[in-house]
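S.K.: Using the sequences and the hints given, assemble the complete structure.
The lines below spell out each chain.
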Amino acid sequence: MGLVNFLVYLAIMMGIYGILSLSLNLQYGFTGLANFGQVAFFCLGAYTSTIIVLVFKMPFFFGLLGAMVVAGFFGYIISVPTANLREDYWAIATLAAAEVVRIFFLNEDWVVGGGPYQGGSFGIGGIPQPLRSLFSASTYPFFYLAIVLVCLFATYIVINAITRAPFGRVIKSIRTEDNLPQVLGKNVKRFRMKVMAIGGSFGGMAGCLWAHYHGFVSPNQFLPLETFIIWAMVIVGGKANNKGAILGAVIILIFYNSTRFLKDYLPIEEVTLASLRMVAIGILIVAAMLFMKEGLLKEKKPIY
Amino acid sequence: MLKIENIYKSFGGILALNGVSFSVESNTITGLIGPNGSGKSTLFNVISGFYTKDRGEIYFKGKSIEGTEPYRIAMLGVGRTFQISEVPEKMTVLENLLLAPKRQIGEGIFNVFLHPLKIKAENEKYLKNAYEILELVQLYNLRNEYAENLSGGQRKLLSLGRILMSEPTLLLLDEPTAGVNPTLIKDLIIAIRNLRDEKGETILLVEHNMKVISQICDRVIVLDFGKKIAEGTPEEIQKNEKVLEAYLSGSPKRKAFHEDS
Numbered sequence: 001m002g003l004v005n006f007l008v009y010l011a012i013m014m015g016i017y018g019i020l021s022l023s024l025n026l027q028y029g030f031t032g033l034a035n036f037g038q039v040a041f042f043c044l045g046a047y048t049s050t051i052i053v054l055v056f057k058m059p060f061f062f063g064l065l066g067a068m069v070v071a072g073f074f075g076y077i078i079s080v081p082t083a084n085l086r087e088d089y090w091a092i093a094t095l096a097a098a099e100v101v102r103i104f105f106l107n108e109d110w111v112v113g114g115g116p117y118q119g120g121s122f123g124i125g126g127i128p129q130p131l132r133s134l135f136s137a138s139t140y141p142f143f144y145l146a147i148v149l150v151c152l153f154a155t156y157i158v159i160n161a162i163t164r165a166p167f168g169r170v171i172k173s174i175r176t177e178d179n180l181p182q183v184l185g186k187n188v189k190r191f192r193m194k195v196m197a198i199g200g201s202f203g204g205m206a207g208c209l210w211a212h213y214h215g216f217v218s219p220n221q222f223l224p225l226e227t228f229i230i231w232a233m234v235i236v237g238g239k240a241n242n243k244g245a246i247l248g249a250v251i252i253l254i255f256y257n258s259t260r261f262l263k264d265y266l267p268i269e270e271v272t273l274a275s276l277r278m279v280a281i282g283i284l285i286v287a288a289m290l291f292m293k294e295g296l297l298k299e300k301k302p303i304y
Numbered sequence: 001m002l003k004i005e006n007i008y009k010s011f012g013g014i015l016a017l018n019g020v021s022f023s024v025e026s027n028t029i030t031g032l033i034g035p036n037g038s039g040k041s042t043l044f045n046v047i048s049g050f051y052t053k054d055r056g057e058i059y060f061k062g063k064s065i066e067g068t069e070p071y072r073i074a075m076l077g078v079g080r081t082f083q084i085s086e087v088p089e090k091m092t093v094l095e096n097l098l099l100a101p102k103r104q105i106g107e108g109i110f111n112v113f114l115h116p117l118k119i120k121a122e123n124e125k126y127l128k129n130a131y132e133i134l135e136l137v138q139l140y141n142l143r144n145e146y147a148e149n150l151s152g153g154q155r156k157l158l159s160l161g162r163i164l165m166s167e168p169t170l171l172l173l174d175e176p177t178a179g180v181n182p183t184l185i186k187d188l189i190i191a192i193r194n195l196r197d198e199k200g201e202t203i204l205l206v207e208h209n210m211k212v213i214s215q216i217c218d219r220v221i222v223l224d225f226g227k228k229i230a231e232g233t234p235e236e237i238q239k240n241e242k243v244l245e246a247y248l249s250g251s252p253k254r255k256a257f258h259e260d261s
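Sequences listed follow chains E and S, in order.
For the first sequence, this note's numbering gives the first residue as 1, with consecutive numbering after it.
For the second sequence, this note's numbering gives the first residue as 1, with consecutive numbering after it.
No wet-lab data here; the hints were simulated from the structure.
Warning: the hint list may mix true and false statements.
[What the hints assert, rightly or not] If you want the ones that stay clear, here's a sample from chain E, every Cβ over 10 angstroms from chain S, calculated:
{"#": "1", "residue": "Thr82"}
{"#": "2", "residue": "Gly123"}
{"#": "3", "residue": "Thr139"}
{"#": "4", "residue": "Phe167"}
[Claimed, not checked] The calculated BS3-like cross-link candidates involving lysine-lysine, where the alpha carbons are at most 27 angstroms apart (straight line), are:
{"#": "5", "chain 1": "S", "residue 1": "Lys125", "chain 2": "E", "residue 2": "Lys301"}
{"#": "6", "chain 1": "E", "residue 1": "Lys300", "chain 2": "S", "residue 2": "Lys239"}
{"#": "7", "chain 1": "S", "residue 1": "Lys90", "chain 2": "E", "residue 2": "Lys298"}
{"#": "8", "chain 1": "E", "residue 1": "Lys189", "chain 2": "S", "residue 2": "Lys118"}
{"#": "9", "chain 1": "S", "residue 1": "Lys118", "chain 2": "E", "residue 2": "Lys301"}
{"#": "10", "chain 1": "S", "residue 1": "Lys125", "chain 2": "E", "residue 2": "Lys300"}
{"#": "11", "chain 1": "S", "residue 1": "Lys211", "chain 2": "E", "residue 2": "Lys189"}
{"#": "12", "chain 1": "S", "residue 1": "Lys128", "chain 2": "E", "residue 2": "Lys301"}
{"#": "13", "chain 1": "E", "residue 1": "Lys189", "chain 2": "S", "residue 2": "Lys239"}
{"#": "14", "chain 1": "E", "residue 1": "Lys243", "chain 2": "S", "residue 2": "Lys120"}
{"#": "15", "chain 1": "S", "residue 1": "Lys242", "chain 2": "S", "residue 2": "Lys199"}
{"#": "16", "chain 1": "S", "residue 1": "Lys199", "chain 2": "E", "residue 2": "Lys301"}
{"#": "17", "chain 1": "E", "residue 1": "Lys300", "chain 2": "S", "residue 2": "Lys118"}
{"#": "18", "chain 1": "E", "residue 1": "Lys301", "chain 2": "S", "residue 2": "Lys211"}
{"#": "19", "chain 1": "S", "residue 1": "Lys63", "chain 2": "S", "residue 2": "Lys199"}
{"#": "20", "chain 1": "E", "residue 1": "Lys300", "chain 2": "S", "residue 2": "Lys128"}
{"#": "21", "chain 1": "S", "residue 1": "Lys211", "chain 2": "E", "residue 2": "Lys300"}
{"#": "22", "chain 1": "E", "residue 1": "Lys300", "chain 2": "S", "residue 2": "Lys90"}
{"#": "23", "chain 1": "S", "residue 1": "Lys118", "chain 2": "S", "residue 2": "Lys102"}
{"#": "24", "chain 1": "S", "residue 1": "Lys63", "chain 2": "E", "residue 2": "Lys189"}
[As the list claims (entries may be wrong)] Some chain S residues flagged as far from chain E (calculated, every beta-carbon gap over 10 angstroms):
{"#": "25", "residue": "Glu5"}
{"#": "26", "residue": "Gly67"}
{"#": "27", "residue": "Glu89"}
{"#": "28", "residue": "Glu132"}
{"#": "29", "residue": "Phe225"}
Using N, Cα and C, we set each Cβ at its ideal position, and we do this for glycine too.
M.R.: Here's what the structure looks like:
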């Protein structure tokens with residue numbers, strides 16, 4: 001049973017990170033927006049849903065909706081001042097924005113308003129799981145997995161549809177430079193803002209799913225490190241390929257969790273192993289960039 | 001169609017445009033020539049909104065296009081190509097053409113889900129258009145190739161085809177025949193003429209190939225050192241002393257300039 005539980009946990013994480021990776025792939029892979037603050041959407045989604053469900057006592061569905069709206073809106077507003085920045089400056093600006101979000105939640109405990117829940121650096125616990133009472137402790141993870149997979153599927157459908165549509169052509173054309181799309185009458189800034197809003201709302205969705213699965217959120221779960229794990233997924237899986245983004249999430253998470261088992265075979269302490277896995281992911285990113293520039297699944301070429 | 005009045009533009013100490021004025025009548029082909037550095041490309045960039053002018057007025061269809069962003073100017077119907085053809089990464093030749101039409105329904109996120117049939121119909125219409133244009137610029141066989149793999153000359157043709165897809169009313173072409181082989185230049189000349197005669201387009205083009213200029217242009221405007229030095233029919237321009245001087249570096253002023261530098 002232990003192994004089954006672990007596999008269900010792993011599948012749920014793959015689903016959640018798959019959504020994050022699809023979202024980053026839309027921003028970076030298709031539109032060329034090097035978002036180094038993807039974790040901000042994740043964090044905002046997790047906290048928004050937590051507050052809606054826990055403080056305002058509303059059902060999970062509203063938490064999910066709220067998470068998507070708030071994170072999407074955040075994506076939209078951070079792209080207002082930054083939409084004309086070049087790729088590298090964009091990366092710095094988004095990295096900073098993500099830290100602002102994290103530090104905000106680290107320092108504010110009014111968000112849960114002196115109730116029974118601690119905010120700030122203590123995090124917020126006791127987040128209810130949707131429809132928990134209908135299932136037993138052993139069957140509930142399967143139900144939650146189903147929710148996550150439905151969300152992942154919906155994300156894939158939406159992002160795949162818009163990237164194949166004429167909208168997708170426009171965002172691909174702004175990936176390299178702005179002059180050409182502008183000459184064709186495309187409002188480059190608006191397209192960037194739209195992409196950030198969609199990317200943000202799916203990032204928020206992932207955050208909500210994460211918070212209700214673990215039942216606990218705290219600012220130190222949303223360090224910039226998370227962003228780079230999502231980046232590794234996009235780079236390894238394949239830039240501008242939606243299936244690749246999901247494949248990347250699966251591979252990186254297998255890699256990330258394999259250390260649990262390696263400890264039985266390697267003469268290295270568990271703590272050291274846990275740290276080494278970040279090194280391993282770093283090596284994986286570099287290797288992918290050097291030897292497999294396009295990732296495992298290449299960008300699809302539409303043939304007519 | 002296009003009226004340019006007293007345009008000034010300087011970069012640091014260099015006066016790139018020094019009070020240029022002229023107008024382009026609709027349904028004509030106007031050539032813009034001049035030695036390197038005479039301000040032709042700067043003028044194109046000012047008209048299409050990439051540079052802000054220091055002084056002067058530009059009227060398109062009688063309306064001033066003061067301080068308007070490039071994409072808005074494009075939406076008004078001013079299309080342009082670049083001297084060095086820019087191609088987006090990982091987009092096929094055909095995708096490049098399909099990108100061009102303005103106000104596509106499928107560019108809206110919600111429309112993707114609300115009007116899938118309309119988008120499909122729209123796509124088919126543009127696809128038919130694109131095939132015609134691909135035949136015209138002789139890139140049909142390369143339609144599924146990534147545009148970044150095309151040669152310089154082929155990129156020129158692609159950018160011409162792409163801007164035609166966007167159906168501008170005024171077309172600014174920056175050296176459309178540079179790097180294109182002579183046989184194809186003949187076809188391009190016919191194609192550009194057809195744009196004027198059949199589609200009623202107005203074209204302003206920068207070109208160094210005098211053969212092309214004399215074969216297609218109704219009027220020619222000559223720039224030198226950011227100033228208009230001559231204007232007239234191709235025949236008149238070819239006999240104009242000032243123009244010959246500018247091109248052959250015969251004037252004392254230019255000699256002095258060259259000795260200085």
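S.K.: Which hint numbers does the structure go against, in order from smallest to largest?
M.R.: Numbers 4, 6, 11, 13, 15, 16, 18, 21, 27 - these are the hints that the structure violates, sorted from lowest upward.
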